[in-house]
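**Student:** Residue numbers (our numbering), protein chains in the order written: chain W, 23 to 415; chain V, 23 to 415.
Just so you know, the hints here were simulated from the structure itself, not pulled from any lab data.
Bear in mind the structure is a predicted one, so any value in this text is a computation, not a measurement.
Nothing false has been slipped in among the hints.
With a cut-off of at most 20 Å between alpha-carbon atoms, the simulated PhoX-like pairs for lysine-lysine come out as follows:
1. 27/W / 287/V
2. 143/W / 27/V
3. 287/W / 35/V
4. 179/V / 143/V
5. 143/V / 27/W
6. 369/W / 355/W
7. 287/W / 27/V
8. 27/V / 37/V
9. 182/W / 143/W
10. 287/V / 254/V
11. 287/W / 254/W
12. 287/V / 35/W
13. 334/V / 355/V
Protein chains: 2
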Amino acid sequence: MINEKMYALGATKSKIRELFEYGKELSAKIGAENVFDYTLGNPSVPCPEKVTSVIINEVQNPSIHGYTSAQGNLPVRKAICNYNLKRYGFELSPELTYMTCGAAAGLAITLKAIISSPSDKVLTFAPYFPEYKVFAENAGATLITAPCSEVFDIDAKLVKDVICSDVQAVILNSPNNPSGTVYTEDALISLASLLQSKEKEYGHPIYLIADEPYREILFDGAVCPFIPKYYKNTVICYSYSKALSVPGERIGYVSVSPSCDNAQKLYLAIAGAGRSLGYVCAPSLFQKVIELCVDEVADTSIYKDNRDALIKVLNSSGFTCVNPKGAFYIFMKSPTPNAEDFCDYAKTLGLLLVPSNSFGVNGYVRLATCISPDLITRSEQAFIKLGKHYGLI
Amino acid sequence: MINEKMYALGATKSKIRELFEYGKELSAKIGAENVFDYTLGNPSVPCPEKVTSVIINEVQNPSIHGYTSAQGNLPVRKAICNYNLKRYGFELSPELTYMTCGAAAGLAITLKAIISSPSDKVLTFAPYFPEYKVFAENAGATLITAPCSEVFDIDAKLVKDVICSDVQAVILNSPNNPSGTVYTEDALISLASLLQSKEKEYGHPIYLIADEPYREILFDGAVCPFIPKYYKNTVICYSYSKALSVPGERIGYVSVSPSCDNAQKLYLAIAGAGRSLGYVCAPSLFQKVIELCVDEVADTSIYKDNRDALIKVLNSSGFTCVNPKGAFYIFMKSPTPNAEDFCDYAKTLGLLLVPSNSFGVNGYVRLATCISPDLITRSEQAFIKLGKHYGLI
Chain W
23 MINEKMYALG ATKSKIRELF EYGKELSAKI GAENVFDYTL GNPSVPCPEK VTSVIINEVQ
83 NPSIHGYTSA QGNLPVRKAI CNYNLKRYGF ELSPELTYMT CGAAAGLAIT LKAIISSPSD
143 KVLTFAPYFP EYKVFAENAG ATLITAPCSE VFDIDAKLVK DVICSDVQAV ILNSPNNPSG
203 TVYTEDALIS LASLLQSKEK EYGHPIYLIA DEPYREILFD GAVCPFIPKY YKNTVICYSY
263 SKALSVPGER IGYVSVSPSC DNAQKLYLAI AGAGRSLGYV CAPSLFQKVI ELCVDEVADT
323 SIYKDNRDAL IKVLNSSGFT CVNPKGAFYI FMKSPTPNAE DFCDYAKTLG LLLVPSNSFG
383 VNGYVRLATC ISPDLITRSE QAFIKLGKHY GLI
Chain V
23 MINEKMYALG ATKSKIRELF EYGKELSAKI GAENVFDYTL GNPSVPCPEK VTSVIINEVQ
83 NPSIHGYTSA QGNLPVRKAI CNYNLKRYGF ELSPELTYMT CGAAAGLAIT LKAIISSPSD
143 KVLTFAPYFP EYKVFAENAG ATLITAPCSE VFDIDAKLVK DVICSDVQAV ILNSPNNPSG
203 TVYTEDALIS LASLLQSKEK EYGHPIYLIA DEPYREILFD GAVCPFIPKY YKNTVICYSY
263 SKALSVPGER IGYVSVSPSC DNAQKLYLAI AGAGRSLGYV CAPSLFQKVI ELCVDEVADT
323 SIYKDNRDAL IKVLNSSGFT CVNPKGAFYI FMKSPTPNAE DFCDYAKTLG LLLVPSNSFG
383 VNGYVRLATC ISPDLITRSE QAFIKLGKHY GLI
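Only chain W is shown next, with the shape it has when bound in the complex (with noise of 0.2 Å):
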C-alpha cells in the first residue's frame, strides 16, 4: 500500500515550486528575457571567500568525511555558542546544541520531540512558511494560526483569542518570511508575557520555537531581538542557508535555553527525533566549515538595494507595500481581494508573484529579491502595464 498523505504533499507541488516551472516554459515561449521571476526564495549572493578556502583547506585532512556524534562535534558547538555570547550577551550550552540538516530539519525534530498527543496544537502568526503546517502534521499535531498586526507584527492581544491549552508550541520567524517584518521588541516582550500567563494557567510549558534564518539579514538599523532572553522556554532553530549563502548544504541548528523547563530533557528527545527521523548527522565537512566561519557573513547589501529599487518600481507602478526591515521579500498588496487572480493576470505580463494564499493569509503577493538587480529594471514597464490595467496609475 502506499500513504495517501504523503502522496498527496509529493503530488501537490507548492504554489512557489508550480510558478517556478511555469515560468521555465514561458520562458521556452517567450524568451527568459521577458520572464520576471519573483517567486523563488533562494539567496543570490555568493557564500563568503572563507567558506571556500576552508573548505579547499579542510578536504586534505583525511578523517574529514568521518560520521560525527549524531548532535555535531563538539567544537563546532562551542564555536556557535560563543558566537551567540559575543553578539547577543546570552549563553546557550554546547551541550544543549544540536547540528541539524538546516533549519527544516531542526524544525520538524523539535516539533517531534515537543507534540505527544493528537490534540496537541503548534500555534504560529499569519502570515507564515507553509511548511510550518506540514512539519506540525508529521509531529502529530494541528498548526493554527494568529493574526498579524496591519503591518505584519506579532499582536498579543491577536494572539489571546485563538491560543488554548491544547498549544504545545509556538513557532515565530523574524525576519519573516514572507513579510520581511522584523517583529519588534515591545511585540516580544507582550508576546512572553502573554505565553508565561498562559503557561501558568494551564499548567505545562508552552515552548517558544525561534525559526531565524534570515536573521542576519537586517536594513535600516532595525534590530532582531535575541529571544532567549525575553522568554525562557525558547528553542531556537538556525540555519546558515541565508548568512553564508549555501542553502543547499543543509546545515544549521537546534539550541535549547538552558533556561528551559526540562532543557535536558528536551534536548534528549530532539536527539530522538532526530535519530527516529533518519537524521544521522549534519554534514561533516559543513560542521567544520561553520567552526571556522562562525561570525562570517556573506555580503547580502544587494538584498537591500534590491528592496529599495524594487519597492520604487511598485510604488511608481501605484502599488503598495509595508517596507520591509529584513529577509529578502516583498509583501505588496494585491489590489483585488483575491490574490490568486491577481498573480494569474500578472502571468501574463511575464510577471510571476507568490499569492498569499500559500502563506495563510489573502489579499497579498510575494516578491523575492534575492535576484539579479537587472531583473527590476527589465521589468519595470510590465509593473507598470499591470498598475494600469487595475486602475491604480
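Add chain V to chain W, keeping to what the hints say.
**Tutor:** Same frame as chain W, but now just chain V:
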C-alpha cells in the same frame, strides 16, 4: 510537554554509542594504547582522490551551494542510473530516483511512504541493523523479524513462518551489518518467489527495500545480486558512505524500480515523506561529487586484510565465526549464551565488542574491521587472555 517516546530514543544510547563513549573514558584512564575498540562501523579509509579534486574544483562555482530541486539535480540522478545500467544491466529511471541524506534518510522516508495503517508490519532478517526498528516505528509500523540460517543467509522457509498479510515492506541488507553475509542468489530467488506468492495471497504489493550501502565491499569473489532483477517491487536505498568513504556527508539515493506496482505514485509518496520529515534536498556539493565520481570506489582492500588478520587472532584465541564475504564486520560466536556478560568481561581487558542483542539475536558479538591494522596486533594478547578465561585455549 515532551514526547516520551522521542525522549526514550534520545536518552537510551545505542549499545554501540555507549561503548564508544566508555572507550573514550577508558582511554583517558589507562591510555588509548590499551583500549581496543571494535565497536564503531566508521569507514577508516580515505575517500578517492577524485572526490577531493572534484570538491576543490567545484567550490569555485558560485552556484554550487544553492538549493537543488527536492529530488536532487537531474544530472546526478542520470549518472546514477547510467552507472547501475552499465554495472548491473538493469535500467533504473532518473524520474524515479530521489537523492537523500544517506541511506538512513532513504529508509525513513521510504517506510513513511509505504506504511499507512497502525497494523502494518515491516519484516527484516535477524541479525539486523537496530535502527530499522526506529525507522519502522517512526512510520507507524511494527518491525518483525525472520531468523536467518546458521550461516546467516536468508532462508525462505523461516520467512514463511513469520510473514503475514500485514507485512507491507521487507528490508534486506546485503552485505549484511552485522553478520557480513552476502545473501546468496539461491536464497534471494526463493525469497522473491515466496514474496510473489504472498502478494497474490494477500492482494497487495510487498515492497522489498534493498538497503545496500556495503555493496562495493566484497571479498573472495563474492557476488552481490542486484535485487531489482529478481523481484519487481524493489526499492533501492543506497548510500555512498562506504563506497566513497564519506559517511559524515550524508549522501545517497532512493530508486524505485520502474517495474514496481504504482511506481510513480510510490515515488511521489517518497517525495512527500521527504518533505514531511524536513529533508529539503540532499547536500548540493555532494550531489555534484556523486555526479562526477559515480564510478569511483575508495580503496577498501584493507577491510579484507583486517578480516583475515583478525580471524587468525580470534581462531588462535579459540573463538569461531562464519567467514564474512562482505562489509566490514565479523560476527563471532560468544562462548557463553549471554553475549552481554561476555562483552562486559571483555571490557575489563580493554576489548570493546558489541553484543548481538542489539542486532536481534543472542549469543554473538560484532567486531568492526574498519580499523587500523595495528589495533589487531596490539589486541592479540587481550584476545588470548579472553580465550583462556573462557577455557577455549
